[in-house]
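2 protein chains.
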Amino acid sequence: MPLTLRAVDIIAKKRDGLELSTAEIEFFVQGYTDGRIPDYQAAAWCMAVLLRGMSAREVTDLTFAMARSGKVLDLREVAEWVMDKHSTGGVGDKTTLVVAPLVASAGVPVGKMSGRGLGYSGGTIDKLESIPGYQVGLSHAQFIRQLREHGIVVAAQSAELAPADGKFYALRDVTATVESIPLIASSIMSKKIAAGATGIVLDVKVGRGAFMKTLEAARELAQLMITIGEAAGRRMAAVLADMDQPLGQAVGNALEVHEAIRVLQGEGPSDVRDHCLTIGALMLVLAGRVAQLEEGRALLTRHLESGAAWRKFVAWITAQGGDAAVLEHPEQLPRAALVEVMPAPRAGYVAALDAQVIGQASVVLGAGREQKGDPIDPAVGIMLHKKVGDAVERGEPLLTLYANREERLAAAREMLRAAWRWSDTPPSPVPHIYEIIPAALRS
Amino acid sequence: MPLTLRAVDIIAKKRDGLELSTAEIEFFVQGYTDGRIPDYQAAAWCMAVLLRGMSAREVTDLTFAMARSGKVLDLREVAEWVMDKHSTGGVGDKTTLVVAPLVASAGVPVGKMSGRGLGYSGGTIDKLESIPGYQVGLSHAQFIRQLREHGIVVAAQSAELAPADGKFYALRDVTATVESIPLIASSIMSKKIAAGATGIVLDVKVGRGAFMKTLEAARELAQLMITIGEAAGRRMAAVLADMDQPLGQAVGNALEVHEAIRVLQGEGPSDVRDHCLTIGALMLVLAGRVAQLEEGRALLTRHLESGAAWRKFVAWITAQGGDAAVLEHPEQLPRAALVEVMPAPRAGYVAALDAQVIGQASVVLGAGREQKGDPIDPAVGIMLHKKVGDAVERGEPLLTLYANREERLAAAREMLRAAWRWSDTPPSPVPHIYEIIPAALRS
Chain A
44 MPLTLRAVDI
54 IAKKRDGLEL
64 STAEIEFFVQ
74 GYTDGRIPDY
84 QAAAWCMAVL
94 LRGMSAREVT
104 DLTFAMARSG
114 KVLDLREVAE
124 WVMDKHSTGG
134 VGDKTTLVVA
144 PLVASAGVPV
154 GKMSGRGLGY
164 SGGTIDKLES
174 IPGYQVGLSH
184 AQFIRQLREH
194 GIVVAAQSAE
204 LAPADGKFYA
214 LRDVTATVES
224 IPLIASSIMS
234 KKIAAGATGI
244 VLDVKVGRGA
254 FMKTLEAARE
264 LAQLMITIGE
274 AAGRRMAAVL
284 ADMDQPLGQA
294 VGNALEVHEA
304 IRVLQGEGPS
314 DVRDHCLTIG
324 ALMLVLAGRV
334 AQLEEGRALL
344 TRHLESGAAW
354 RKFVAWITAQ
364 GGDAAVLEHP
374 EQLPRAALVE
384 VMPAPRAGYV
394 AALDAQVIGQ
404 ASVVLGAGRE
414 QKGDPIDPAV
424 GIMLHKKVGD
434 AVERGEPLLT
444 LYANREERLA
454 AAREMLRAAW
464 RWSDTPPSPV
474 PHIYEIIPAA
484 LRS
Chain B
44 MPLTLRAVDI
54 IAKKRDGLEL
64 STAEIEFFVQ
74 GYTDGRIPDY
84 QAAAWCMAVL
94 LRGMSAREVT
104 DLTFAMARSG
114 KVLDLREVAE
124 WVMDKHSTGG
134 VGDKTTLVVA
144 PLVASAGVPV
154 GKMSGRGLGY
164 SGGTIDKLES
174 IPGYQVGLSH
184 AQFIRQLREH
194 GIVVAAQSAE
204 LAPADGKFYA
214 LRDVTATVES
224 IPLIASSIMS
234 KKIAAGATGI
244 VLDVKVGRGA
254 FMKTLEAARE
264 LAQLMITIGE
274 AAGRRMAAVL
284 ADMDQPLGQA
294 VGNALEVHEA
304 IRVLQGEGPS
314 DVRDHCLTIG
324 ALMLVLAGRV
334 AQLEEGRALL
344 TRHLESGAAW
354 RKFVAWITAQ
364 GGDAAVLEHP
374 EQLPRAALVE
384 VMPAPRAGYV
394 AALDAQVIGQ
404 ASVVLGAGRE
414 QKGDPIDPAV
424 GIMLHKKVGD
434 AVERGEPLLT
444 LYANREERLA
454 AAREMLRAAW
464 RWSDTPPSPV
474 PHIYEIIPAA
484 LRS
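Residue numbers (this note's numbering), protein chains in the order written: chain A, 44 to 486; chain B, 44 to 486.
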């Protein structure tokens, strides 16, 4: 081993498929973060990692090095078990809006930092910002104070946490090195570890509208993130959830807030409710609040039905500056000027409803962004009236488009025609949740 | 296919092992050369090419795009068949110094641009600069004028030719993407094509002191370069030559010039003479001057023995400003102050003589450079008195070191002990030339 580490030797070692040492990974991450290693060396290294892979030990080292590149919060000063969750990104995924107050209403603190949407995947922070007054930018002191006082806080990802990840991610985005399970796992987990929660439930989406297109890839990513989290002393669980079709009916920021409100009020689409009960129950299990998944689901069901979850939601949003009157009167959320129903072109059963196409159409409407920093329109989006397996008569409403610009409405309408697949017979039902990891948590 | 090409999509396509189109390769090379595509995207692309490979068609497109990134000379204005040669780099490789005047003495014009040495591989331009007065920097007009008037010119690689290659090469050097046969082949051939010769003999070295460590890799590189050259309308041939041990006895700039002078005067080591006769004869075959390799060797042997090659050498060096008196009195070449003989530590047969170690020791003495731009000392180097297969008595001179600094002499002496391997019985002879491509040229 050379006396002095050199970036080019570390790149060559990974290029040749060899395992990097802890010292080599730390040298590379620190060097890139502080600018001693230039972008072009990091880009070559990322491509070598993507094509050659990394052992679980290397990915863990990479994650820890990125987590340590900035401030690392320790939420144990608030409670021994503070819960977080992470979704790998989907369409219509409003889970955090429901799960965070639901779990907090059961006395388990939830401290979470979230991201903004990019491409066809929505972002929790964008959704929360469609509530007038809601503050996403909290200092670390504000974050911890609110967590202590209300047992719940959801803020935008702080730039002070895992700055190495921010730098690597921006580079990967322009060098075609995003699609690497080791790099994805370390990116997610470095932020989660730096954000300080002691229990983390991973909501790994799989299917057309997800980054992971196969169950195998989703399982590999989930297992790897669990390994990393446990190496960092976190309690970990993961759900592999379907994202062939969107979750629930609403796609678009204010529309999704409205749907989350309905679920918290004991209504709303059953798939959203069911998904949130499972994710929430796993958080209760990790926190030691309940022993079993089903016990957790039953407890949280009672909190939905008693109004406890709803009251916690109102308290949370109010504490972060949101206008509680809007929550009680969701018709006051931003509303689109143009509303158009798309009728079914034929009778039959919905065989598939492509979440990626729905997501892309919502971006065209203005609900998401093509490029980081693009403005978004909180009012626009899509409401799905039919989902996979539903029987439809010709001319029945399939979906409703909400738009503020005619040309965007027209473009989205065109795209959405390609989202539906039809069948003359009822399709066999598909599970919404494929797997829970570890398996022992399943029942 | 997208309406607008984007660098990130081209990187992703190669990352996924797909074949890039001609338009995509041209877009990438042009974009990188003019600065629209940044270093980090080019670095990720180079790593993807290294790990995923390229088809011969892609490599040809890449070569042509790099050749067209700058000025392209056309030497057909001087003669239909102007010859060039290229060595992939070795230790003690003074072939150009002998072959260029040898071939020119037979009436076949030789127009060549050469590089400087880097690492343990020497460079023809450094060797020529050890002749007082020799001018390596010629304008294109001067290059063509001398070729027309003297039938021979050897100048430093012009920065105006294949600037894309210069930019890619500097990037590959710091991103561990040098060791890629498609990238090596396109780098070499883009400069050769831009330099305008119509026939090119490739001297592909294989073994310890060569970039290509195996015959298979050397053959692949040679075949690929021949394919590219023929696609550009060039006549091509290649020699796969041994570089397990250095070529000849002299390693070091002035020492190698002296050895070349001895060969041109009909003396010198037989391996250098034989290698130069083969390379030169292939150039005569490509130029149509002779029909067969053996006919070419016989003709060139006569030119060595008649003094015609020597006279052409003196005329060439003089035309480029070199001091002809030094050629006649090579003891006037730069001489080292410290001369030390290394005796054999034992009796036996030389089983191996590691060209890479010899080359590295010559760099330590000051004959080569660790980094581009480092100064070199023309006087220093190594003379090998024993080569593989030679019988040696204990205490007999193995080699002589020529140095100008005591501490460098001491360091080189230590290194050189590791260069020799011994046998108690005569080792089986190894061929100096493994293959000639195409096979039809062999006899």
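These aren't lab readings, by the way, just hints derived from the structure by calculation. Treat the hints with care, as some may be off.
All copies of an identical chain are treated as equivalent in the list; a pair is satisfied when it fits inside any one copy or across any two copies.
Stated by the list, open to error - Below, simulated DSS-like cross-link-like pairs (lysine-lysine); rule was C-alpha separation at most 27 Å, straight line:
1. Lys415 - Lys429
2. Lys429 - Lys256
3. Lys56 - Lys429
4. Lys56 - Lys210
5. Lys415 - Lys210
- Item | Hint numbers contradicted by this structure | Hints 1 and 3 contradicted; others consistent.
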